[in-house]
Amino acid sequence: MSSEMPSTEAVVKLHNLSKKYPIYERPSHKIWELLTWGKRQFHREFWALQDIDLEVSSGTTLGVIGQNGSGKSTLLQLVAGILTQTRGDCFVKGTVSALLELGSGFNLEFTGRENIFMGGAIMGLNQRQMENRLDEILAFSEIGNFIDQPVRTYSTGMFMRLAFSVAIHVDPDILLVDEALAVGDLIFQHRCFNRVRRLKAEGKTIVFVSHDLQAVTQFCDRAILLDAGRKLEDGTPDEVVQRYQALIFERERRAAGKGEVPSAGDQDDSVPVVDVIPQVHNRYGNKGAEILGIILYSLGGEVLNQAPIGEEVQLVISARIHNSLSNPIIGFTVRDRLGVEITSSNTAYEGLHLPPAEPGDIVTVGFRIQLPQLHPGSYSISPAIAQGNIWEHSIEDWIDNAYIFDLTSSGLIYGMMRWQVVPSFRIIRNQ
Amino acid sequence: MPVSASLTVFYNFVEKILIRRHLVWTFVVRDLRGRYVGSLMGLFWSIIHPFVLLLSYNFVFSIVLQMKLRSGPTDNFSLFLFCGLLPWLYFQDTVMRSCTSVVDQRNLVQRTLFPSEILPITMALSNLVTHLLGTAILLLVLVYLGLLGSASMLFPFTLLPLILFALGIGWLAAALQVFLRDTVQILTVLLTLWFWFTPVFYQMDMVPESLRVVMRLNPLTHVVEINRSLFLENRVPDLESWVILAGSSALTILLGGVVFRKTKRKFVDVL
Chain Y
5 MSSEMPSTEA VVKLHNLSKK YPIYERPSHK IWELLTWGKR QFHREFWALQ DIDLEVSSGT
65 TLGVIGQNGS GKSTLLQLVA GILTQTRGDC FVKGTVSALL ELGSGFNLEF TGRENIFMGG
125 AIMGLNQRQM ENRLDEILAF SEIGNFIDQP VRTYSTGMFM RLAFSVAIHV DPDILLVDEA
185 LAVGDLIFQH RCFNRVRRLK AEGKTIVFVS HDLQAVTQFC DRAILLDAGR KLEDGTPDEV
245 VQRYQALIFE RERRAAGKGE VPSAGDQDDS VPVVDVIPQV HNRYGNKGAE ILGIILYSLG
305 GEVLNQAPIG EEVQLVISAR IHNSLSNPII GFTVRDRLGV EITSSNTAYE GLHLPPAEPG
365 DIVTVGFRIQ LPQLHPGSYS ISPAIAQGNI WEHSIEDWID NAYIFDLTSS GLIYGMMRWQ
425 VVPSFRIIRN Q
Chain S
6 MPVSASLTVF YNFVEKILIR RHLVWTFVVR DLRGRYVGSL MGLFWSIIHP FVLLLSYNFV
66 FSIVLQMKLR SGPTDNFSLF LFCGLLPWLY FQDTVMRSCT SVVDQRNLVQ RTLFPSEILP
126 ITMALSNLVT HLLGTAILLL VLVYLGLLGS ASMLFPFTLL PLILFALGIG WLAAALQVFL
186 RDTVQILTVL LTLWFWFTPV FYQMDMVPES LRVVMRLNPL THVVEINRSL FLENRVPDLE
246 SWVILAGSSA LTILLGGVVF RKTKRKFVDV L
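Heads up: the protein sequence lines correspond to chains Y and S, in order. Heads up: take any position in the first sequence, counting from 1, add 4, and you land on our numbering. Heads up: take any position in the second sequence, counting from 1, add 5, and you land on our numbering.
Derived by calculation from the structure, the hints in this document are not laboratory data. Since we're looking at a predicted model, the values are computed, not measured. C-beta atoms are modelled at their ideal positions from N, C-alpha and C, and glycine is treated no differently. The reader is advised that the hints may include incorrect statements.
[Claimed, not checked] Chain S regions said to be covered by chain Y (calculated; three or more residues, Cβ under 8 Å):
#, segment
1, 126-138
2, 179-186
3, 266-274
The task is simple: from the sequences and hints, build the whole structure.
As C-alpha cells, then:
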C-alpha cells in the first residue's frame, strides 16, 4: 500500500501519546485538591488514550475506527492541538484543519455570508483569503439566495452544507475529519466524499474517524483500530475492519451472557450421537473431520420427517474428528426446495465455544429450534463442520441437502413467510 | 528569575494574540452586532442609555435631593457621579462578561483550535465602544456647560490603564470560571463590595483618613479621581496617582495573562 512508500516523510508522529482525564465525583473535590496543592488526590483517573505510537506519512489517508469511547476523538483533538497530552510526544508538520463538529463557530443570528468570514477567521484566514474562496464556497454549499439570510432560517441540511463548505475550503496540509461527512442528504454526502477524494489526490494527509466501515475501506490507505484508549490494530483497512467486526461480535456475545467455554461438566449428555445421513448430494471439505449423522428430533425424541410450524424441535449433528481441531465449529444451512438459502447458523455464531477436539473424538451438537412461520413445503438442511472462527475458517466437511423435511401448516401462509401481526382498528363514521 | 520568565511567557502570549488580531476584530464586530442585531436603532441605543442615565441622575440628585458637593469647581452632583460611574461600569461589564466568556464559547474551544484568550479581549474592546460613547456624551455636556478644559486631553492616560486592569481581572476570572463554575457568583458579590469601596457616589475627602490609605490601593479609585480632576476641575493630579494606577494595571494584566496562558492548556479537559 502507499503508506509503505519509503520516499514520503512522516507528517504526524505520535510516540507514547497518552491522555488522562481526572474524574471528580463532586465539584468541591477540585477545590480540596487545589487547597492541598495537589498533594492529596480527590479524583479518579481516566485514561482516554494510552501509549499510542503512530506515524502517518504525507499523502496518506488514515482511517481511525473503534467503538464509542475508544479514544478516537481524543486522538484527533490531540493531533489538532486542541488538547494537551498528559504524556508522550505529538509531532505534527504542516497546517491542520479539524472538522470535529461542523458549524461550531456559527452565530445563528448572522447571515450565511457573515458566518463564512467568521468561520474563516476562526481557522486563521483573513478577510482577503476568504474572499478569494467565497465563490467556491457558495457554489459548493448550494445555499443560493439564502446566503444573505440569517443562518437561523436555514434547514439543518443547509446549515451543514455551509459549514462543511467553509471547513473544507480552508486548504490545510492535514485534514482531520470526525464523522462530519455523515451529514446532509445523500447527494451532498456524495459530493463531500468527492471533495475529500480530490484533496486526497492533491496529496493532502487525511485522518478520518468514522463508524462507517465501508467508507473506511473505500477511502483509506491504512487504518488503525482503537479500543479503550489503546491501539489494537494497524494495517490495511480490510484487515483492521475485519478485526473490528470480530471485536464487536465478541462483545455482543458476551453482553448476551453467552460465550463461556463449556468445561466437560457443562456438556449435555442427553444429546444423542447420530450416525445417519439420509442423503449425500454434494460433499466437500478438508476431511479434518467427518459428519457422521444429522437428524431432526421432536422434543419427545422421535425422528421428524415433517413438522408443523411453531413446533420446537432439536437438530442434532455428530462428527468424527480426524485431525486435531483447536476451534471446531458445527453448523447448518437451511434451503427451500428451489435452493434459496433461508438461514444459516453455527455454534460460534450462537455463542457456543466448542472445546478443542482430538483425532478419534466424536463431537455432537444439538440445536434447539422453534420452526418459523415459513411457507409450508419441503426444506433441506446441510450440515457442516469447520475449524477457525466466525470470520476465518476452513471447512472440514460439508454435505449439501443431507436432511429433507416437510414443514406443515394448518393455516394459510401467503408469500415466503408469515409475520407476527396484531391488527387493531378504528373507524370514523360519516355522520 | 521567575519575573523575567513570566515576562517572556507574557510577551509570547501577547505576540500570538497580535498575530490573530483579525480574529479579535471579527469577534468584536460580532459581539457588537450580536447585541443589536434585529434592533431598529442598533448602536444608537448605546448613546441613548448613558444620556438618559445622566438626565435621571440630574433629576434625582440635583433637583429632588438637592445634593451639593463640598468642594470642587462644579456643584453638579450628577456630573460628578457620571464621571465616576462610567469607568466603573466599563470595569464591571468587562469583568462580568469576560468571566463567562470562555465557558459560553466552549463549543469553539473544544472543537476548534481557538485562542480562547481573545474572548476577554473581545469583551474589553466591545465594551470600550459603549464606554467611549458615554464619555462623549459627558464631554458634550461639559462643553455645553463651558466646563471642559485642556487637562481632559490626558483622558487616554487613565483609559489605557483602566482597559488593561479590566482585561487582567477578566482573564483571571475567565480562567477561574472554567475550573470553578461558582466564580461568577463570587464575582458578583465581590464587585458589589468593590463598587461601594470605590468613590463613585462620594468624594475621597468624605472618607476617614485611616480608610483612605486602603482605598488608594484600589486602582479604580485613581481612575475615578483622576477623571474627575481632569474633566471637572481641569487639573492634572499629582504624579503619585498616575504611578500607582499605571503600576497596578501593568501588574494585573501581567498576572492575568500569565495565569490564563498557564491554565489554558487544561481548559478543554474540564469544559
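Notebook entry, point to check: In ascending order, which of the hints set out earlier in this document are inconsistent with the structure?
Noted result: 1
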